[in-house]
Amino acid sequence: MTTNRRRVHEEINALFKFAKDELEIVFQMPAMPKKPSKNMRAEEEIPNIHALEKISTCMDDVRSRVLVRLLGITLLRPCDLLPLKESNLDFDRLVLRIDCHDSEGSLVSGRKSDNLKKSKSIFTTPLTKFIIEEIKHLEFTGSDDNYLFKNKRGGDSYMSYSTLNNAWICARKKAAIKFNDESLSKAQLYTATKHAGVTQLLEMGVSFEKIMRITGIGREALEHYSKLKANSVLSEIENLSILRFKKQLPHSELSKS
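Numbering (numbering that gives the first Met the number 0), first residue to last: 0 to 256.
Derived from the structure by calculation, the hints contain no laboratory data.
There could be a bad hint or two in this list.
[What the hints assert, rightly or not] Okay, derived cross-link-like pairs now, BS3-like style, lysine-lysine, Cα gap no bigger than 30 Å in a straight line:
(1) K172 <-> K151
(2) K209 <-> K151
(3) K177 <-> K149
(4) K185 <-> K173
(5) K135 <-> K209
(6) K226 <-> K84
(7) K172 <-> K185
(8) K173 <-> K128
(9) K209 <-> K226
(10) K151 <-> K185
(11) K135 <-> K172
(12) K209 <-> K173
(13) K177 <-> K84
(14) K84 <-> K128
(15) K185 <-> K149
(16) K128 <-> K209
(17) K209 <-> K177
(18) K185 <-> K226
(19) K84 <-> K135
(20) K151 <-> K135
(21) K149 <-> K84
(22) K149 <-> K173
(23) K177 <-> K151
(24) K149 <-> K135
(25) K151 <-> K128
(26) K172 <-> K209
(27) K128 <-> K177
(28) K177 <-> K135
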């Protein structure tokens, strides 16, 4: 079974149907429970975008270091970049093609989604000079079927998420000591890459439509990101307060300010 609520409910429903048809045992299938409400991540848990570079410099494995930096540049999920092959790099059109995988690992055409019918196109992201510079650190065989991030144990497979996450955990401990910053030891991989990056784009004033195109996330998830970093609107609130305060001052007082 997968961790996806809908898939789990469907599998249980199929099991109960089998029991009824084959074993003549009738079970009453409960309704699918409501999805728990999303709690906003505390602002202090969102690392600074510079934390990613500090942690990546403490990674000994080249593959893990390049992959983490690519996650910070592209703002994609690890499951999108881990299965990359040399054929995904289109240097003629200067785009990186993402053949996305669903939660069960089967190849689908488009973004990861509960409703795969909505995801019919291959997702592409531009090959910037920073992405190309990072990719140059990887070994190329000239075969389109070659994985960019190979499994260390060999064989025809790519690096697992657990391997990447373990490398991240070791690196963040080293970074906390090297840079004398205890907050680095608590930084989560996904939060330090996608979460921090999207939050930074929002603070820069990038439109919702552009961020959705860059990251592939939906508007609901983006609205969740937009509720973060209250300090980012501090100057706007202060300016508004000053304008309102000045309106209440007498004309003589206003001329002095």
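Hints, verified against the model:
Taken as a hint, the K172 and K151 pair is honoured in the structure, with Cα atoms around 22 Å apart against an allowance of 30 Å. Taking the CA atoms of K209 and K151, the gap is near 36 Å; set against the 30 Å cutoff, the hint is violated. Restraint check: the Cα-Cα separation between K177 and K149 comes to about 29 Å, which is no more than 30 Å; the hinted pair holds. Restraint check: the Cα-Cα separation between K185 and K173 comes to about 12 Å, which is no more than 30 Å; the hinted pair holds.
Distance check on the hinted pair: K135 and K209 sit about 28 Å apart at the alpha-carbon level, within 30 Å; holds. Taken as a hint, the K226 and K84 pair is broken in the structure, with Cα atoms around 36 Å apart against an allowance of 30 Å. For the hint linking K172 to K185, the alpha-carbon distance of about 9 Å falls within 30 Å, and the restraint holds. In summary, the hint linking K173 to K128 is supported, as the alpha carbons are separated by about 29 Å, within the 30 Å threshold.
With a CA separation close to 18 Å, the supplied pair K209 and K226 stays within the 30 Å bound. Taken as a hint, the K151 and K185 pair is honoured in the structure, with Cα atoms around 26 Å apart against an allowance of 30 Å. Distance restraint check for K135 and K172: the Cα-Cα separation of roughly 27 Å lies within the 30 Å cut-off, and the hinted pair is therefore satisfied. The hinted pair formed by K209 and K173 fails the criterion: a straight-line CA distance of about 35 Å is larger than 30 Å.
Under the criterion of a C-alpha separation no larger than 30 Å, the hint pairing K177 with K84 is inconsistent with the structure, at around 34 Å. Between K84 and K128, the direct Cα distance comes to roughly 19 Å. Compliance with the 30 Å bound is thereby established for this hinted pair. With a C-alpha separation of about 27 Å, the suggested pairing of K185 with K149 holds against the 30 Å cut-off. Between K128 and K209, the direct Cα distance comes to roughly 20 Å. Compliance with the 30 Å bound is thereby established for this hinted pair.
At roughly 36 Å between alpha-carbon atoms, K209 and K177 are farther apart than 30 Å, so this suggested pair is violated. For the given pair, K185 sits about 22 Å from K226 by alpha-carbon distance, which is consistent with the 30 Å threshold. Distance restraint check for K84 and K135: the Cα-Cα separation of roughly 14 Å lies within the 30 Å cut-off, and the hinted pair is therefore satisfied. The suggested pairing of K151 with K135 holds, with an alpha-carbon distance near 19 Å, which does not exceed 30 Å.
Between K149 and K84 the CA atoms are separated by roughly 10 Å; this keeps the pair inside 30 Å, and the hint holds. Note on K149 and K173: the hinted pairing holds, with a Cα-Cα distance of about 24 Å set against a maximum of 30 Å. For the proposed pair K177 and K151, the alpha carbon gap of about 27 Å is at most 30 Å, so the pair holds. Only pairs whose Cα atoms come within 30 Å are accepted, and K149 paired with K135 is accepted, the gap being roughly 15 Å.
Taken as a hint, the K151 and K128 pair is honoured in the structure, with Cα atoms around 27 Å apart against an allowance of 30 Å. The suggested pairing of K172 with K209 is violated, with an alpha-carbon distance near 34 Å, which exceeds 30 Å. Taking the CA atoms of K128 and K177, the gap is about 29 Å. The hint holds against a cut of 30 Å. Between K177 and K135, the direct Cα distance comes to roughly 27 Å. Compliance with the 30 Å bound is thereby established for this hinted pair.
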